[in-house]
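Student: Residue numbers (the numbering used here), protein chains in the order written: chain D, 1 to 584; chain P, 1 to 217.
Careful, some of the hints might be misleading.
Okay, the calculated beta carbon distance ranges per label pair [unchecked claim]:
1) P:46 with D:216: 28 to 36 Å
2) P:209 with D:14: 41 to 49 Å
3) P:216 with D:82: 53 to 61 Å
4) D:13 with P:76: 47 to 55 Å
Since the hints were derived computationally from the structure, they do not count as laboratory data.
Backbone N, C-alpha and C fix where the C-beta goes; we use that ideal spot for every residue, glycine too.
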Amino acid sequence: MAQGWLQVAIFVGVVIALTPLLGKYMARVFAGERVFLTPVLGPIERFTYKVLRVQPEEEQDWKAYAKSLVLFSVFSWIALYLILRTQGIHPFNPEGFHSGPWDVSFNTASSFVSNTNWQYYGGETTLTYFSQMAGLTVENFVTPAVGICVLLAFIRGIIGRNGPGLGNFWADLTRSLYYVLLPLSVIVGLVLVSQGVVQTLSGASVATTVQGAEQALAMGPAASQIAIKQLGTNGGGFFNVNSAMPFENPNQLTNFIELLSIVLIPAALTYTYGKMVGRQREGWSIFAAMLAVYLAFILVIIPAEQHGTPAQHAAGTPTAAIDGSTGGNMEGKEQRNGIAESALWATTTTVTSNGSVNSAHDSYTGLGSAVPMSGLGTSEVVFGGVGTGLYSMLLYVLLAVFIGGLMVGRTPEYLGKKIQAREIKLVSLGILVTPLAVLVTAGLAIATRAGTRSIFQHGPQGFSETLYAYLSQANNNGSAFAGYTGFIQPNAPGNVGAYGISFADLLGGATMTLARFLPIVLILAVAGSLAGKKVSPAGPGTMRTDTPTFVILLIGVVILVGALTFFPALLLGPIVQSLTTQLF
Amino acid sequence: MRRTVITSILAVIAFTLVFGLAYPLAMTGISQVVFHGKANGSKITVNGKLVGSSLIGQSFSRPVIGRNGKPKLDEEGEEVLAPDPRYFQPRPSQSGYSGNATFFSNSGPNSVEEREAVREALAAYVGLEKPFDKSLTREGVPVDAITMSGSGVDPEISEANALIQAHRIAAVRKLPLSRVEGLISDHTSSRFLGVFGEPGVNVLQLNLALDEEAPIK
Numbered sequence: 001m002a003q004g005w006l007q008v009a010i011f012v013g014v015v016i017a018l019t020p021l022l023g024k025y026m027a028r029v030f031a032g033e034r035v036f037l038t039p040v041l042g043p044i045e046r047f048t049y050k051v052l053r054v055q056p057e058e059e060q061d062w063k064a065y066a067k068s069l070v071l072f073s074v075f076s077w078i079a080l081y082l083i084l085r086t087q088g089i090h091p092f093n094p095e096g097f098h099s100g101p102w103d104v105s106f107n108t109a110s111s112f113v114s115n116t117n118w119q120y121y122g123g124e125t126t127l128t129y130f131s132q133m134a135g136l137t138v139e140n141f142v143t144p145a146v147g148i149c150v151l152l153a154f155i156r157g158i159i160g161r162n163g164p165g166l167g168n169f170w171a172d173l174t175r176s177l178y179y180v181l182l183p184l185s186v187i188v189g190l191v192l193v194s195q196g197v198v199q200t201l202s203g204a205s206v207a208t209t210v211q212g213a214e215q216a217l218a219m220g221p222a223a224s225q226i227a228i229k230q231l232g233t234n235g236g237g238f239f240n241v242n243s244a245m246p247f248e249n250p251n252q253l254t255n256f257i258e259l260l261s262i263v264l265i266p267a268a269l270t271y272t273y274g275k276m277v278g279r280q281r282e283g284w285s286i287f288a289a290m291l292a293v294y295l296a297f298i299l300v301i302i303p304a305e306q307h308g309t310p311a312q313h314a315a316g317t318p319t320a321a322i323d324g325s326t327g328g329n330m331e332g333k334e335q336r337n338g339i340a341e342s343a344l345w346a347t348t349t350t351v352t353s354n355g356s357v358n359s360a361h362d363s364y365t366g367l368g369s370a371v372p373m374s375g376l377g378t379s380e381v382v383f384g385g386v387g388t389g390l391y392s393m394l395l396y397v398l399l400a401v402f403i404g405g406l407m408v409g410r411t412p413e414y415l416g417k418k419i420q421a422r423e424i425k426l427v428s429l430g431i432l433v434t435p436l437a438v439l440v441t442a443g444l445a446i447a448t449r450a451g452t453r454s455i456f457q458h459g460p461q462g463f464s465e466t467l468y469a470y471l472s473q474a475n476n477n478g479s480a481f482a483g484y485t486g487f488i489q490p491n492a493p494g495n496v497g498a499y500g501i502s503f504a505d506l507l508g509g510a511t512m513t514l515a516r517f518l519p520i521v522l523i524l525a526v527a528g529s530l531a532g533k534k535v536s537p538a539g540p541g542t543m544r545t546d547t548p549t550f551v552i553l554l555i556g557v558v559i560l561v562g563a564l565t566f567f568p569a570l571l572l573g574p575i576v577q578s579l580t581t582q583l584f
Numbered sequence: 001m002r003r004t005v006i007t008s009i010l011a012v013i014a015f016t017l018v019f020g021l022a023y024p025l026a027m028t029g030i031s032q033v034v035f036h037g038k039a040n041g042s043k044i045t046v047n048g049k050l051v052g053s054s055l056i057g058q059s060f061s062r063p064v065i066g067r068n069g070k071p072k073l074d075e076e077g078e079e080v081l082a083p084d085p086r087y088f089q090p091r092p093s094q095s096g097y098s099g100n101a102t103f104f105s106n107s108g109p110n111s112v113e114e115r116e117a118v119r120e121a122l123a124a125y126v127g128l129e130k131p132f133d134k135s136l137t138r139e140g141v142p143v144d145a146i147t148m149s150g151s152g153v154d155p156e157i158s159e160a161n162a163l164i165q166a167h168r169i170a171a172v173r174k175l176p177l178s179r180v181e182g183l184i185s186d187h188t189s190s191r192f193l194g195v196f197g198e199p200g201v202n203v204l205q206l207n208l209a210l211d212e213e214a215p216i217k
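Modelling step: build the complete structure from the supplied sequences, incorporating the hints.
Tutor: Written out as C-alpha cells, the structure reads:
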C-alpha cells in the first residue's frame with residue numbers, strides 16, 4: 001500500500017505545482033489580455049464575435065448575462081436533441097445505427113447540456129460518430145465554458161465597483177473555449193492517441209482471434225472527445241465502460257494524464273480567483289479547504305478497497321497483497337490501474353463533477369462507495385466542476401462568512417462587501433436546490449414501482465444504486481452504479497434495457513436540467529446584488545477569510561450541510577453494507 | 001430578446017462547426033498521419049491476418065468436445081467453453097471478451113452472486129493450475145485471476161498470475177520454465193515513471209510469442 005500512497009502524494013504534488021501556472025494564464029485570458037496564443041487565436045476570436053454579432057466590451061448586468069446563458073443553453077439542448085433523434089440519416093455512421101428514441105434522447109440531451117454526461121445509452125453500441133462529434137463533443141466543450149462564465153460573472157460581482165456590469169457572456173464563453181479548453185484538448189488528445197487511444201472514422205474491424213473466434217473491435221474518433229471529456233469535467237465516455245476500456249485509457253501513462261486532466265482546471269481556477277480579486281491568499285485558502293477534504297476521502301477509500309468485499313471473503317478468496325499482485329477488491333477494476341489508481345480516480349471524479357470512471361463503482365466495497373457518494377453529497381465543491389466547483393464553493397464561503405459574522409456579532413463582510421439578507425437568502429437557496437433535488441427524486445424513484453424497476457442488485461446495494469443515480473444526476477456528475485437500468489446488456493437497439501427506462505430517463509433528465517440552471521440563475525442574482533455595493537475598507541473588526549481558522553470554518557460548513565442532508569440516506573446504503581458481512 | 005435569440009442560434013451553429021467538426025476531424029487527420037497504428041486500434045496481424053489488438057484482451061478458451069465427438073452445448077444451446085491449457089489465460093470477463101459492446105459486471109460487495117462467481121473462479125483456477133504447480137494454495141491465487149475486470153477486455157494479468165500459469169505452459173509446451181518466465185518479463189508493462197499504476201502482463205502478445213517459440217503442431 002506504500003506504493004499507493006506514493007502515487008497519491010506525487011499526483012497531489014503535481015496538481016499543486018500546476019495550479020499557479022495555469023491559474024495565472026487563465027487570469028490573463030479572462031481579463032482579455034495578450035497571451036502567447038493571441039497571435040494565432042486572436043483573429044479567430046474576433047471573427048467569432050463578428051459572426052455572433054456581439055461587442056465583447058459591452059457590459060451585461062446579471063439579468064442580461066443570465067438571459068444570454070439560458071438562451072444559448074436552450075438552443076444547444078434543441079440542437080443536440082434533434083441530432084440524436086435523426087442520427088440515422090447523418091454521415092459518419094459506419095455501423096448503421098438508428099435514430100434514438102425520444103425518452104433516452106431527452107435524457108442524453110439534458111445530460112450533456114447540463115455538463116452531467118450521465119449515460120443511459122451505450123456509446124459504441126448506439127451512437128454514430130456524427131452524434132459523438134457534432135452532438136456530444138460540442139457540449140463537452142461549451143458546458144465547462146459556461147461554468148467558467150458563471151464563475152467569472154460571480155467574481156466580477158464580488159469585486160465590482162462600477163455599477164451592475166458582470167462582463168460579457170459571449171466574450172467569456174469564446175475566450176474560455178478558444179484559449180483554455182481547445183489548446184489543452186489538442187495537447188491531451190494527441191498524447192492519448194500516441195499511447196493507443198483510437199482516433200479514426202472507420203468502423204469496427206473484425207479480427208479472427210488466436211482461437212479462431214471472431215472479435216469485433218469498436219473504433220471511432222475517441223481521443224478528441226476523451227481529452228475534453230476529462231478536461232471539462234464532463235465524463236461521458238466514448239465507450240460504454242468509459243475509461244476502463246483500453247481504447248479509451250490504454251496504459252499507466254494515459255491514466256495519469258486523464259486523472260490529472262480531471263482536476264487541473266478546477267484547481268487552477270482557485271489561483272485565477274486570487275489573481276482576480278487581487279489577494280492571492282484568498283485563492284490559496286479555498287484551495288487548502290478543498291485539498292483537505294480531498295485527502296481525507298482518499299485516506300478512507302484506498303484501505304477500504306484494499307480490504308476486499310464481504311462476498312469475496314465469504315467465498316474464501318485471498319484479498320491480501322502478494323508478490324506480483326495488488327490484492328484487494330479487483331472486481332470491476334483493470335490490472336493496469338490496480339487498487340490505488342482506481343480508488344484515486346473514483347474519488348477525484350466524484351469530488352469534481354467529472355463522472356468518468358476507470359472502474360465499476362457498483363462493485364466497490366460499502367465503505368469504498370461511501371466516499372464517491374460523500375463527494376457527490378458535498379455538492380462537488382472539492383475542486384468541483386470547471387467553474388461550477390469554485391462558484392459553488394464561493395456560496396459556501398459566503399455562508400461561512402455569514403455564520404462567522406453571527407458568531408462574533410458583526411455584520412458579515414466578504415472582501416469589503418456587506419453580506420445582507422437578500423444575498424444570504426439567495427445563497428441558501430442556491431446551496432439547497434441540489435440536495436433537495438437529490439432527496440426528492442431519489443425518494444420518488446425508491447417509492448414507486450416504476451422507479452424500482454431500474455434496480456439491479458438486491459438489498460441495500462439496490463438502494464445505493466438508486467441514491468447514487470440521483471446524487472450523480474442532480475450534482476451534474478454523471479458517474480453511476482452502472483447496474484441501475486443497466487441490467488439488460490448489452491445496451492443495444494431493440495433491447496429493453498438498452499435505453500434505460502422511460503421513468504428513469506425523464507426524472508433524471510428533468511433533475512439534471514433543474515439542478516444545473518436554477519443554481520446558476522441564483523448565483524448570477526447574488527452577483528448582481530453584490531455588484532452594486534460599495535466596498536468598505538477592512539477594519540480591525542473585519543473577519544479575515546484568508547486564515548487557517550477560516551479554512552477550518554469553511555470545511556466545517558461544507559461537511560455540516562452535506563452530512564446533515566445525506567447522512568440518513570448513506571446509512572441505509574453504503575454504511576450498512578460496510579458494517580455487515582451479511583450477503584443479499 | 002430577439003437579438004439574444006439570434007446570437008444564441010448563431011453561437012450554436014458556429015461552435016458546432018468548430019468543435020464538432022473542425023476539431024475532431026483535424027485531430028483525426030493528424031493522428032492518422034502521425035500515429036497511424038495507434039490511432040487505428042494497435043492491431044496485430046499474423047501472416048497478414050488480423051488476430052486482434054494488443055490493447056484488447058481476447059478469450060483463450062475452446063469448445064468442450066462431448067462423447068459424441070461434437071461440441072458440448074449448455075441448456076441455452078451455447079457451446080460450453082473451457083480454458084485452453086496450451087495458452088496463458090486472461091482474467092474472467094462478464095462480456096465474453098466483446099470488443100464492441102463493453103459493460104461492467106456490476107457485482108455488488110454484499111451480493112450472493114458475487115460470492116458464487118468468485119468461488120467458482122477460484123476453484124476453476126486452482127483446478128487448472130494445481131496439477132502443474134504443486135505449491136499453489138488458495139491463499140496464493142492472485143485476486144485478478146478470479147475477479148471480472150472493468151472493461152471485460154482487460155488485456156493484462158498480474159505478474160503473480162502469469163508466473164503461476166508459467167508452470168502449466170512449460171509442461172504443456174515442453175519448454176524450460178526459465179524460458180517461459182523470460183517471455184513473461186518481455187511482455188510485462190511497467191509503472192508510469194516507476195510509480196503510477198500497476199505492472200501487467202499482456203496475454204495476447206505473450207501467447208503469440210509463445211506460438212512463435214514453440215508452435216503447436
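Student: With reference to the structure, classify each hint as holding or not holding.
Tutor: Taking the hints in turn, this is what the structure says about them:
no.	hint	verdict
1	P:46 with D:216: 28 to 36 Å	violated, 18 Å
2	P:209 with D:14: 41 to 49 Å	violated, 35 Å
3	P:216 with D:82: 53 to 61 Å	holds, 55 Å
4	D:13 with P:76: 47 to 55 Å	holds, 53 Å
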